[in-house]
Amino acid sequence: MTGLTEQDYMQLHAYFDGELTEAEASQLANEVAQNPELADELNELGLFHQAVEASFEATAAAIPQARFEQIWDEVERTLDADSRLQQAADASGSWWSRFGSLLRPFGIPAAAVGGVAAAFYLFVGSTPQPTPEVAENKVVEEASNGPVETAPVEALQEPEKAMASSSDTLAQKDDAPEPFPAPAPGVAEFERIDFGVSRGQVGMIEGKSGTVTVVFLHEDDDEPASGERTL
Amino acid sequence: MKSRSFLATVLAGCLAPALAFGPLVLTPNVTQAAATDQAECQVHSVLAAKTGDGTIPENLKFLEEQLRDDQFAAYKSFRLLETQRLNLDVKRPKVAPLSSGHKLSLEYLGAKESKLQLHATLMSRTDDKKLFNAIYGIDNNGLLMIGGVRGDGGKVFFAIQCRLNNAKAG
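Order-wise, the sequence lines are chains A and B.
Read in order, the letters of the first sequence are residues 1 to 231 in our numbering.
Read in order, the letters of the second sequence are residues 1 to 170 in our numbering.
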């Protein structure tokens with residue numbers, strides 16, 4: 001069991017490390033002079049420190065100057081690489097942020113162009129379209145399948161009123177709805193067909209403008225028309 | 001920095017026209033896509049009589065090729081009774097009372113492979129008996145003729161022409 005305290009060891013190590021003030025060093029010297037055990041410990045520490053310093057110096061002496069420069073070059077390269085990585089990480093951000101930074105100088109002109117375009121679009125889009133005034137027949141009927149809403153039906157031409165072509169008549173009325181174009185050629189493709197008459201026929205009429213599907217219905221007391229043919 | 005400025009200039013040059021004209025170009029397409037939920041049909045009622053000189057009136061010239069076909073050879077005159085137009089929302093059937101006394105129900109079922117799918121039902125003029133009931137597909141602006149049912153003074157044919165609501169121009 002040694003008589004030295006932990007405080008004594010800390011004072012000795014601080015002395016060798018040069019961390020003591022002048023007063024503390026003087027006080028430690030007095031204590032060493034009065035305490036042989038402390039003096040012995042100081043000697044041992046002194047020998048140890050000398051051995052360590054000699055070892056370091058011997059190692060340093062064994063390494064040539066060229067090797068030091070090589071080591072420092074390697075250290076500098078590592079530092080440079082780390083620096084570049086850090087700069088890249090700082091500068092990368094998101095793709096949008098980089099894109100935004102590219103466009104930043106043109107932000108105001110682009111916003112102005114966009115504003116003009118939006119204003120023009122709103123102006124054109126809000127221009128009221130002519131609404132045809134047509135006679136509306138309010139129809140409340142049951143559909144063949146499912147419910148039927150109240151359906152406004154546009155009566156474009158009343159019976160007994162057609163003197164010119166329907167298209168011409170519609171075109172002459174400023175408020176008339178846009179006439180349908182000439183029918184497009186093309187046959188009807190039936191997914192389901194039911195006849196509630198005694199006889200039904202599906203025919204095709206082929207003409208210069210294309211093929212049109214015609215469904216002939218014959219009610220119970222009809223005589224087959226001589227001009228109609230079954231297809 | 002020069003290349004960066006050049007890139008910014010090019011981008012701005014491309015974006016400015018896109019911003020200016022993009023809405024104008026894109027909007028009709030959006031409208032077109034939305035408008036496939038609607039169809040518009042025009043129904044012509046034609047009275048065919050077995051007497052007459054065979055003249056096709058001016059207002060039926062668009063059907064002349066069909067009316068002069070052999071299948072209509074039994075009829076010597078044609079008269080347009082009326083034209084009605086129906087705006088159809090998808091799967092919302094509408095019934096049109098026709099001047100001949102018949103009722104025509106039309107339902108737009110949607111568009112499939114560029115064809116309008118329609119459900120047409122023709123009902124008797126004396127009761128609601130279904131004379132004709134069909135689901136069919138037809139090209140945009142295509143025409144289907146049904147008829148031969150009794151009318152005042154002859155037989156009545158109905159020419160049903162339907163189109164997508166966005167296809168008024170063509």
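Calculated from the structure, these hints are not laboratory results.
Quick reminder that beta carbons are idealized off the backbone N, C-alpha and C, glycines included.
Keep in mind that a hint or two might mislead.
Far from chain B by the CB rule (all over 10 Å, computed), these chain A residues [claimed, not checked]: (1) Ala-23; (2) Ala-51; (3) Leu-79; (4) Asp-82; (5) Asp-194.
One-sided excerpt, in silico: chain B residues whose CB lies under 7 Å from chain A [unchecked claim]: (6) Gln-38; (7) Ile-138; (8) Gly-142; (9) Val-149; (10) Asn-165.
(message) Given B:Gln-38 as an interface hint, is its Cβ closer than 7 Å to any Cβ of chain A?
(response) Since chain A brings no Cβ nearer than about 13 Å to B:Gln-38, farther than 7 Å, the hint is violated.
(request) Report holds if the minimum CB distance from A:Asp-194 to chain B is greater than 10 Å, and violated otherwise. (result) With a cut-off of 10 Å, A:Asp-194 comes too close to chain B, as the shortest Cβ separation is near 4 Å.
(message) Checking a non-interface call: every C-beta of chain B should be farther than 10 Å from the C-beta of A:Asp-82. Is that right?
(response) holds (26 Å)
(message) Using the nearest Cβ pair, does B:Asn-165 come within less than 7 Å of chain A?
(response) violated (11 Å)
(request) Tell me if B:Ile-138 is really an interface residue toward chain A, meaning its C-beta lies closer than 7 Å to one of theirs. (result) holds (5 Å)
(message) Does the closest beta carbon of chain A sit nearer than 7 Å to the beta carbon of B:Gly-142?
(response) The hint holds - B:Gly-142 has a Cβ within 7 Å of chain A, the shortest such distance being about 5 Å.
(message) Over 10 Å from every CB of chain B: does A:Ala-23 meet that, or does the non-interface label fail?
(response) holds (63 Å)
(message) Hint B:Val-149 vs chain A: min CB-CB distance below 7 Å?
(response) holds (5 Å)
(message) So A:Ala-51 supposedly isn't at the interface. Is its beta-carbon more than 10 Å from every beta-carbon in chain B?
(response) With a cut-off of 10 Å, A:Ala-51 remains clear of chain B, as the shortest Cβ separation is near 61 Å.
(message) If I take the minimum Cβ distance from A:Leu-79 to any residue of chain B, is it greater than 10 Å?
(response) holds (27 Å)
Hint check: violations occur at hints 5, 6 and 10; the rest are consistent with the structure.
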